[in-house]
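Residue numbers (our numbering), protein chains in the order written: chain V, 1 to 112; chain D, 113 to 225.
Wrong hints could be hidden among the right ones.
Unchecked claim - One side only, chain V facing chain D, incomplete, derived with CB under 10 Å:
1) 8
2) 16
3) 33
4) 42
5) 45
6) 56
7) 62
8) 90
9) 91
10) 99
11) 103
12) 109
It is worth saying that the hints were derived from the structure and are not from the lab. The beta carbon of each residue, even a glycine, is placed where N, CA and C say it ideally should be.
Take a look at the letters that make up each chain.
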Amino acid sequence: KAGVTQTPRYLIKTRGQQVTLSCSPISGHRSVSWYQQTPGQGLQFLFEYFSETQRNKGNFPGRFSGRQFSNSRSEMNVSTLELGDSALYLCASSLEQGLEQYFGPGTRLTVT
Amino acid sequence: QQQVKQSPQSLIVQKGGISIINCAYENTAFDYFPWYQQFPGKGPALLIAIRPDVSEKKEGRFTISFNKSAKQFSLHIMDSQPGDSATYFCAASMDSGYSTLTFGKGTMLLVSP
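Given only the sequences and the hints, what does the whole structure look like? Please build it.
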């Protein structure tokens with residue numbers, strides 16, 4: 001089975017712009033979670049989607065949003081980018097009620 | 113509030129030695145405790161996981177020890193190899209937590225040849 005794929009792998013944006021990141025889960029996985037990884041804060045949960053519905057959300061501002069499509073693919077969007085949004089954004093997928101989460105390689109976002 | 117505390121931040125072990133990484137949690141509702149391994153430029157990879165109904169789980173050279181009363185769990189890597197050099201993260205989740213993982217800050221392990 002193919003693993004979790006994320007596109008793009010690298011992205012450079014300017015402050016104030018917006019960005020959309022994409023994630024394709026492992027085939028058959030219906031839950032997709034997003035995490036932000038930074039050297040200072042480590043891995044922090046952003047949100048989780050299942051069957052196109054956001055089931056849980058972490059403690060991030062409303063500039064961070066996401067959605068899931070009927071094929072379980074997911075996108076996350078960050079609007080009005082700030083320098084502090086520079087991070088590795090990781091997507092993880094799991095089965096319907098699965099606790100085992102499998103991560104993609106991440107998208108490295110740099111905000112200048 | 114950091115709900116999962118991980119130590120040490122970094123660790124150097126000689127080849128063939130035992131690497132030990134410790135984690136402590138605060139939320140007694142946590143009931144699933146995985147360990148992830150991350151190499152530079154890669155996403156975290158699930159290594160091994162444990163539920164609180166067992167005190168130890170072993171998979172190859174990797175062992176999780178779990179102490180429910182102390183709210184602590186640890187990862188032991190036996191016969192550590194240079195290829196084990198990576199960052200290790202402990203995490204915790206709740207069965208009802210909709211796949212939300214709370215991570216420790218990570219331990220950078222270096223296994224010297």
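Cross-check of the supplied hints:
Hint on residue 8 of chain V is violated. Least Cβ distance to chain D is approximately 14 Å, over the 10 Å limit. Checking residue 16 of chain V against chain D: minimum C-beta separation of about 28 Å lies over 10 Å; hint violated. The interface hint given for residue 33 of chain V is met, as the beta carbon of that residue sits about 5 Å from the closest beta carbon of chain D, less than 10 Å. Satisfaction of the interface hint for residue 42 of chain V is found here, the shortest Cβ-Cβ separation to chain D being roughly 5 Å, below the 10 Å cut-off.
Taking 10 Å as the C-beta contact cut-off toward chain D, the hint placing residue 45 of chain V at the interface holds, the least distance being around 5 Å. Because the smallest distance between the Cβ of residue 56 of chain V and any Cβ of chain D comes to about 4 Å, under 10 Å, the interface hint for this residue holds. A least Cβ separation of about 19 Å between residue 62 of chain V and chain D goes past the 10 Å threshold, and the interface hint is therefore violated. The interface hint given for residue 90 of chain V is met, as the beta carbon of that residue sits about 5 Å from the closest beta carbon of chain D, less than 10 Å.
Look at residue 91 of chain V: its Cβ gets to within about 8 Å of chain D, closer than 10 Å, so that hint holds up. Of the supplied interface hints, the one on residue 99 of chain V holds, with its beta-carbon coming within about 5 Å of a beta-carbon of chain D, less than 10 Å. The criterion of a C-beta within 10 Å of any C-beta in chain D is met by residue 103 of chain V, whose closest approach is roughly 4 Å, and the hint holds. At a threshold of 10 Å, the smallest CB-CB gap from residue 109 of chain V to chain D is about 14 Å, leaving the interface hint violated.
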